[in-house]
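Q: The chain contents come next:
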Amino acid sequence: MTIVSVITFAMLGAGVLLALVRLALGPSLLDRVVATDALLVIISAGLAVYAALTRNPTVVPVLVVVSLLGFVGTVSVARYIGGMLVESADDGQDVGLPPAVETLGAAEPGKGGRP
Amino acid sequence: MNDVDSVADVVAMACLLLGAFLCLTAGLGLLRFPDVLSRMHAGTKPQTAGVLLIMVGGAIRLSGWSVTWMLLLVAVFQLLTAPVSAHMVSRIAYRRRHVRRDRLLVDELGSRAGGPRGDEPADGDAQTGR
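Keeping their order, the protein sequence lines are chains S and E.
Counting in the working numbering, the first sequence runs from 1 upward without gaps.
Counting in the working numbering, the second sequence runs from 1 upward without gaps.
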C-alpha cells in the first residue's frame, strides 16, 4: 500500500517535473500551452490518486473544476494566438509575430524562414 | 491509509499505477519529442488514457454513487475536450509553421493549388486570407 503510493506519486511527480522543464525550455508559445495543459491534467490525476489512496472524497469536486479550467485555458490561449495570426494576414503572410524558431533554425538567417 | 482488502483494491491499485505511468510517459514525450505536433500527441493521448485509468481506480476505491458520477463526469469531459484543444493547438501550429516538414510523411494541407503555404484560415475565405 505504502509502496504503491510512493511509486505512483513518484511517477506523477516525475511527469510534472518533465512538463515543467518543457514549460521553461519550450521554444514557442504553443509548446508552453501544450505543457501547461499536460501539467494541469497531471495535477488533477495526482489529486484523484490522493483521493483514491486515502479513500477521502473531499477533493473530487476540485477535479471537475481543474479539468474545466485546463480546457478553457488551452482553448483561449490558442484562439488568442490564432487571432493575432488572422488579424495580420492581409496578404496571406503572418506579420504579427516573429517567425517560428524551428523555421528560423531550418532556413538561412536573414530571410525569416519564409518559403 | 487503509490496507488492501480485496481483489477490487488490487485492480484499483493496478489502474492507479498504470495511469501514473502513462502520465510519466506524457511528461517524457513532452520533453523528448521534436516539434509541437508530436509533443501534443504525447501530451494529450497517453494522458487521456492515464486520467481514465486513474478515474476507474478512484471509482473502485471510493465507494458512493455521487463520487462515482463525479469521476465519470471528469472522464467524459476529458474525452470530449482533449480532441478539441488538440485540434485548435495543431491548427495554429500548422499556420505558425511550428511543424517540422522534414518529419511529415503526408502534408495534405500543403498540396493545394496555390502552393504549400498552409497559413490560410480554415474557416475563412481562401482568396483574401480571412
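These are calculated hints, taken from the structure and not from any lab test.
Note that the structure is predicted; figures quoted are calculated from it, not measured.
Watch out, some of these pointers could steer you wrong.
[To be verified] A short, non-exhaustive set of chain E residues, derived as facing chain S with CB atoms under 10 angstroms: (1) Val-7; (2) Ala-26; (3) Met-55.
C-beta: ideal position from N, C-alpha, C; glycine also.
Q: Against which earlier hints does the structure fall short, listed by number upward?
A: 1
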